[in-house]
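Asker: Below, each chain spelled out in residue letters.
There are 4 protein chains.
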Amino acid sequence: MSAQIPIAVRDRVSERAKQALDTVAKFVEEDCIPADAVFEAQIGTGEQRWNSHPAILEDLKKKARSLGLWNMFLPKGHYKESPGFTNLEYGLMAEWLGRSRVASEACNCAAPDTGNMEVLAKYGNEAQKAKWLKPLMEGEIRSAFLMTEPQVASSDARNIEMKIEKDGDHYVLNGQKWWSSGAGDPRCKVYIVMGKSDPNNADPYRQQSVIIVPADAPGITIHRMLSVYGFDDAPHGHGHITFKNVRVPAANLVLGEGRGFEIIQGRLGPGRIHHAMRTIGAAERALEWMLARINDPRKTTFGKQLREHGVILEWVARSRMEIDAARLIVLNAAIKMDEQGPKAALKEIAQAKVLVPSTALTVIDRAIQAFGGAGVSQDTPLANSWAGIRTLRLADGPDEVHLNQMGRNENKRGKEVADKIARQKAKTEELFKQYGVTRQELGGNIQATRYGKN
Amino acid sequence: MSAQIPIAVRDRVSERAKQALDTVAKFVEEDCIPADAVFEAQIGTGEQRWNSHPAILEDLKKKARSLGLWNMFLPKGHYKESPGFTNLEYGLMAEWLGRSRVASEACNCAAPDTGNMEVLAKYGNEAQKAKWLKPLMEGEIRSAFLMTEPQVASSDARNIEMKIEKDGDHYVLNGQKWWSSGAGDPRCKVYIVMGKSDPNNADPYRQQSVIIVPADAPGITIHRMLSVYGFDDAPHGHGHITFKNVRVPAANLVLGEGRGFEIIQGRLGPGRIHHAMRTIGAAERALEWMLARINDPRKTTFGKQLREHGVILEWVARSRMEIDAARLIVLNAAIKMDEQGPKAALKEIAQAKVLVPSTALTVIDRAIQAFGGAGVSQDTPLANSWAGIRTLRLADGPDEVHLNQMGRNENKRGKEVADKIARQKAKTEELFKQYGVTRQELGGNIQATRYGKN
Amino acid sequence: MSAQIPIAVRDRVSERAKQALDTVAKFVEEDCIPADAVFEAQIGTGEQRWNSHPAILEDLKKKARSLGLWNMFLPKGHYKESPGFTNLEYGLMAEWLGRSRVASEACNCAAPDTGNMEVLAKYGNEAQKAKWLKPLMEGEIRSAFLMTEPQVASSDARNIEMKIEKDGDHYVLNGQKWWSSGAGDPRCKVYIVMGKSDPNNADPYRQQSVIIVPADAPGITIHRMLSVYGFDDAPHGHGHITFKNVRVPAANLVLGEGRGFEIIQGRLGPGRIHHAMRTIGAAERALEWMLARINDPRKTTFGKQLREHGVILEWVARSRMEIDAARLIVLNAAIKMDEQGPKAALKEIAQAKVLVPSTALTVIDRAIQAFGGAGVSQDTPLANSWAGIRTLRLADGPDEVHLNQMGRNENKRGKEVADKIARQKAKTEELFKQYGVTRQELGGNIQATRYGKN
Amino acid sequence: MSAQIPIAVRDRVSERAKQALDTVAKFVEEDCIPADAVFEAQIGTGEQRWNSHPAILEDLKKKARSLGLWNMFLPKGHYKESPGFTNLEYGLMAEWLGRSRVASEACNCAAPDTGNMEVLAKYGNEAQKAKWLKPLMEGEIRSAFLMTEPQVASSDARNIEMKIEKDGDHYVLNGQKWWSSGAGDPRCKVYIVMGKSDPNNADPYRQQSVIIVPADAPGITIHRMLSVYGFDDAPHGHGHITFKNVRVPAANLVLGEGRGFEIIQGRLGPGRIHHAMRTIGAAERALEWMLARINDPRKTTFGKQLREHGVILEWVARSRMEIDAARLIVLNAAIKMDEQGPKAALKEIAQAKVLVPSTALTVIDRAIQAFGGAGVSQDTPLANSWAGIRTLRLADGPDEVHLNQMGRNENKRGKEVADKIARQKAKTEELFKQYGVTRQELGGNIQATRYGKN
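Residue numbers (this note's numbering), protein chains in the order written: chain X, 1 to 454; chain W, 1001 to 1454; chain S, 2001 to 2454; chain E, 3001 to 3454.
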């Protein structure tokens, strides 16, 4: 909540945002977290899981809206209906949302809807906004973002193969997608689809387009849902979907042919901050569960409570420190994005993208270890949380791709620093002369004392 | 297979065992691994999962038996029906069994039956053997081992609370157990139960007894099954079970009252070797899947196949090296147990217990990362394998308990080495005198040159 | 320099500080770094190393002073002669100072003088200030801080044994100290000594006093200097010193008897920030040397430059990310200290103390590895830098003591979060009732389908 | 000593070797380790360090020889004067030698003489043996191996540039070398030099030759010695040497022109085992010092001895486990080399080369941390040991080069395992048909229940 904002960024958070943050924190802790298990129960079992819409969620949405907690993610100044928070401010709220399974959706701030709404708000035309953005912003429907494909290495997005072919005033789509997250939800009515409209374009970054596809368009088949470790993430889910001659009106194209890369890159910045801050929240919650466990008076081993074992306290301390460092990385990135835009913040956002999931996984894994068997089971939120966050090291580009990119960017300084070091060495030589000093080489007289000077 | 046995231990493996090992390897690769997915499909969905007995498994059992691959785990010389392999030899076979979900059971070498059969073979009386050991050895029934309890920290086994009270010629059991692995299988007919028959005994290691309980005894309730990172491990499963006035004949007691610790400790050694070697096998399989992926010609990124990215090859190399080191630790422990018995091998077994799961988790996680989305999903064996092995860092004592014990044992040398170092320092002083040399202390003349000698 | 200040804290840095920062950066890069090797040569060899005062340093001091770079460390508002920078602002400058061996002293900002000047400025009386603080602030003399003792575990400062006994209007000191850093410098004229004036005080934190001792007081013997790995750190050095009936006037006592802990704790906060930021600077410099090396066109292996090997770029990226995270941790701590004082910032300062050296050691070690043989030798600043920073994991309390303390502090939330989780679980039960839903336990019908309900 | 040989390899150690091993252990612990500090003192200070030959070492050599501990490294069957130990047997002895600074040389088993003697024994002609091998085997002279060059990336040995040009019945050498270890010793009389005799050969592995060069040949200049983290390693040292028209008789060429790679590769296998086992010994000694420290009754913190802090005991346990695993990797490699030769053991040797130094550095660093300030200083062998072993991650190829090579070798299995996995998947499909089962895809009925079948 607002009292816990790191002091370095506190001044940048408006009073209004601090109040909203406190409201979010209270709503999450008192309403959402207790509702998580009920939500899970209302989803049911078997096939029902993909056809349910838990009643408790609608009640939470009503409450959130009544508290003014709705669409907080929409960036300030970005869209007229934005509640007006900066990325920093919403980031702090997202941390709290990340503690509960239902909280993000309750506030209409759940992925992938948020990214999709941003795409529509930023790049959509008025008709597209009226038809799709409006009901999304009202929380009436949900959406999916279809990019990754099973048959190629999608971490290099240029590999994507889904065909988007013009046919009169329609586009015809053929291909397959997977990890279409959210496609499992019966309320998912629209897909934002990335594919290739111009596969022969000489510029590999201009071959792609993004198009809006109704989920019930003929030719679409959801084959199955992908599991994450053993979790199905129902009803949301991660779909494996084929497109066979799926026809959509040409008007559904977003922004224009060949602008797919531009759109998805604009979509990524804020989303990465949101994911990162929700993940920080999950790590904080795991740490709290760990604290509860190691202070549980019923759980003593070898005459001590767990908290009295030195190695456990070190886990607590490291977890605290690592979360705090990771959070500062994200908040600094959010500020950079707020002040200079996503492009200027690429480095900072990439760092948040890579650092946060690893940090959180380490913290959660320690908590699981502290819990013993309960940690891996359904009796704590830990195993589910771990599995979900593990995908963040892969989703939207694996760590290694981002690290490689970050390394190449940092390496651009290579020549400059090499030149500087050369100048410094030259200056040193000058100084040696100026001061009339010679280097005292280690063993510099061996030759003379042993064989006479050569 | 036999050609890959580390050279350091190869001489100790008999020709007969080498042949059996080659047979196991072929059976696993050609029959069991292909059967894994069919087995999963035959388990079915929903509640059916806890009431199924896949037909393919019975066929595999027949084939295994026909190949002479049956009960290989039973230690040589330990029981008349043992096929006569050493722990080393069976360990090498267990590595192959660990590559497949169904292979261990197909050879009647699946936990917890193996440990339970060992208990019965080693400590059971003739009646107990006839009634329970025989059908277990024939693969007609299965069993569970009930030790861990949810309400206490079971990693300190003295905390266990299940009451075993004498009442005439019966014992009456009250309490609850969880992580009763195997209890989900409809063929699980018998529980080996650890509890307290003498809770007030001054010796905390003499309060416990082990008793045989039929799974259908009145008063037993299986409340639910525990999940492992979302996996249910059906039909095997991990049960949460209560005992309410469960009466069993006094003759079901194993070995005698107060001998529970003795029994479970005798049970642990070989089982830890089995688990460790199966885990090595799972790590090897993960490495193979990773190799297949990084050489998949369809999966290129940024103009290269995955294998061409330097960091990926380093993962391969480290995985190879770490698995090889871990395997040697286990095989050395198996040899020690073969030659000097489990007690003498405590240190070596504990090292295998701790080192192997961590190593395998690292290897499997690298493979998951190399696969991207497929890695966390049902499309590879990796996520399921990871989850199962993650429990080995907790089961049968968390790593930290074992490390603490290992640290205390190693520390017993503390005084001895301190004394030795003191003797060495004293000898050094003698030598200084003998050679008429004085130490050249760094800056040893500062005082003299600056202030004159004090 | 000022353009590189992390955006999250940039607003807090005054224009004047930004200008000073740019001046520091230029001075360090263009004057100090080139001077480092000359300084080393002027120190000379053998015993001379402890009696030298390199001329180049005095020239640098003059230049620094002319640039207005003098005593920047003295906290704003803390002392009338403070140049008026906040801890944040000076921290940013300290990062640059940390890139060069001579820069801190050139600006009269070198440890341990900085901490000692703070002690005198904050706790000294006017006579003490006139005699010792003034020449220190003028850079005319240097000082040492004598706390650690070889015969006890000084990481628990209560163990310190140096006797400080009242004898008339003098105190008499007996005992030994080591790691008396700076005692090697011939210009080191004064020791700030921590010892026990009241060893029987019931409060173990009131037994200690701090007293000012002239370095040439009779009874003091510098026995030798301690090396750090193989470095002697001459002329500064790390002294091993004994006190035998060393008499100092009672007026040399600082603040009062029994107030030793209070003084050393007040001394620690800013010093830890200084050390941490200098260490960040050393890590940045190591990264730059690494960049220079991996882009060196003469150093190709297997047909590629080092920068083209994937694993090297990942080191670069991780180094960038880890340094950035660590820096934010320190700057956030500095801001907290600026705004709320060192006591309120204990947690943040401890995190900086622990996180930064580990981070820097990792970065420097990667640079060493990239350099190969040159990295461990005298041909780069890397090995020397690594060795010096390695001591920071020990000095002023080893990591483990700080982590334990941090763990205990965080754990104070244990009961509160356990209570919260209990409330949340209770609320969940209410919601189940309210919504008329029951939990769908995994395998919850096993009992019924198998045996009929118990 | 012999009682501690890992059980897996014990059978392979002859009784004679066990006796020799016990003798080595006793000699190292009782004679060599106490002599280390005297040796250091006898080296003296300043330039004298490069011109000293400590008397104590000659006495130790006499004693070693009288104990039958001389040239144990020379592989069995390799040379008529070999004492007849296998690589495994000598490896076990080398572990003990690695505990002391002087022990290897005392037994005439010090690098680089061992490798050089092997080269001469294996590839030298009779005249070369008579002139150089004989005095080396007698311990009368010492030698250096000159391969690495400062101006290129020597980790790719093809980069080496030293010119070896035929001129009549002489070769003329021009170029420079560094990390010429041992060149500092006044008794170093001969260099084994790798250079290019045929730089235009199409086969980059046939351009090199190895030639014997007397250390006092005109045209050779030892410019200086390289330090290792501040240590000079005198009198041995690591030389930086130039060759200017250095003429040596053509008869000094070893084996023949263009056979340089063949020679250095033959030289590497045993040497890597020796280094690895000495490093294991250093790690064992560090662990012993750590045990001594954490049980030191004078060193209590916060009311406990260090051994009572949980995290310290975990360090002890992990150190024990990691050393044991690393040792088994080396011993397995030694056995492979004994039984199948160095070429067959390439993988195993590379693993030892990479795994052992990292393991030892971790163990030693823990010991340093446990010691606090004493750990980094001259008061324990730890800092010196750490620095020396740190170079092993670079020397003779950095870890990354070896890991890359190991990764590429392991990856050769890529196609084979991919094919196997494909066959297994095909078999699975057959089994599905055979058993009449269909896969139960997660969410496989979404499409049907939601939209009707497509």
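Just so you know, these hints were derived from the structure itself, not from any lab. Just so you know, these numbers come straight off a predicted model, no measurement behind them. Among the clues, some could well be false.
Said to hold, decoys possible - Straight-line distance between alpha carbons at most 30 angstroms, and here's what the computed DSSO-like set of lysine-lysine pairs gives:
| no. | chain 1 | residue 1 | chain 2 | residue 2 |
| --- | --- | --- | --- | --- |
| 1 | S | K2129 | S | K2415 |
| 2 | W | K1425 | E | K3166 |
| 3 | S | K2163 | S | K2134 |
| 4 | E | K3122 | E | K3163 |
| 5 | S | K2134 | X | K26 |
| 6 | X | K415 | S | K2026 |
| 7 | W | K1062 | E | K3063 |
| 8 | X | K347 | S | K2026 |
| 9 | S | K2304 | E | K3412 |
| 10 | X | K304 | W | K1062 |
| 11 | E | K3427 | W | K1026 |
| 12 | S | K2018 | X | K347 |
| 13 | S | K2427 | S | K2415 |
| 14 | S | K2026 | X | K425 |
| 15 | W | K1076 | X | K304 |
| 16 | W | K1026 | E | K3420 |
| 17 | W | K1131 | W | K1026 |
Asker: With reference to the structure, classify each hint as holding or not holding.
Answerer: How the hints compare with the structure:
The hinted pair formed by K2129/S and K2415/S fails the criterion: a straight-line CA distance of about 48 angstroms is larger than 30 angstroms. Among the hinted pairs, K1425/W with K3166/E is inconsistent with the structure: their alpha-carbon atoms are about 55 angstroms apart, more than 30 angstroms. For the suggested pair K2163/S and K2134/S, the alpha carbons sit about 28 angstroms apart, so the restraint of at most 30 angstroms is met. As the CA atoms of K3122/E and K3163/E are separated by approximately 24 angstroms, the hinted pair is consistent with the 30 angstroms bound.
Our distance criterion of 30 angstroms between C-alpha atoms is broken by K2134/S and K26/X, whose separation comes to about 55 angstroms. About 19 angstroms separates the Cα atoms of K415/X and K2026/S, which keeps this hinted pair within 30 angstroms; it holds. Of the pairs offered as hints, the one joining K1062/W and K3063/E is violated, with about 68 angstroms between alpha carbons and a cut-off of 30 angstroms exceeded. A threshold of 30 angstroms between alpha carbons decides the hint, and for K347/X with K2026/S the separation of about 25 angstroms falls inside it, so the pair holds.
A distance of roughly 22 angstroms separates the Cα atoms of K2304/S and K3412/E; the hinted pair therefore holds under the 30 angstroms criterion. For the hint linking K304/X to K1062/W, the alpha-carbon distance of about 51 angstroms lies beyond 30 angstroms, and the restraint is violated. Between the alpha carbons of K3427/E and K1026/W the distance comes to roughly 14 angstroms, so the proposed pair stays at or under 30 angstroms and holds. Taking the CA atoms of K2018/S and K347/X, the gap is near 23 angstroms; set against the 30 angstroms cutoff, the hint holds.
The hinted pair formed by K2427/S and K2415/S meets the criterion: a straight-line CA distance of about 18 angstroms does not exceed 30 angstroms. For the given pair, K2026/S sits about 16 angstroms from K425/X by alpha-carbon distance, which is consistent with the 30 angstroms threshold. Taking the CA atoms of K1076/W and K304/X, the gap is about 41 angstroms. The hint is violated against a cut of 30 angstroms. Distance restraint check for K1026/W and K3420/E: the Cα-Cα separation of roughly 12 angstroms lies within the 30 angstroms cut-off, and the hinted pair is therefore satisfied.
A hinted pair counts as satisfied when its Cα atoms are at most 30 angstroms apart, and K1131/W with K1026/W does not qualify at roughly 34 angstroms.
Hints 1, 2, 5, 7, 10, 15 and 17 from the list above are not met by this structure, while the remaining hints are.
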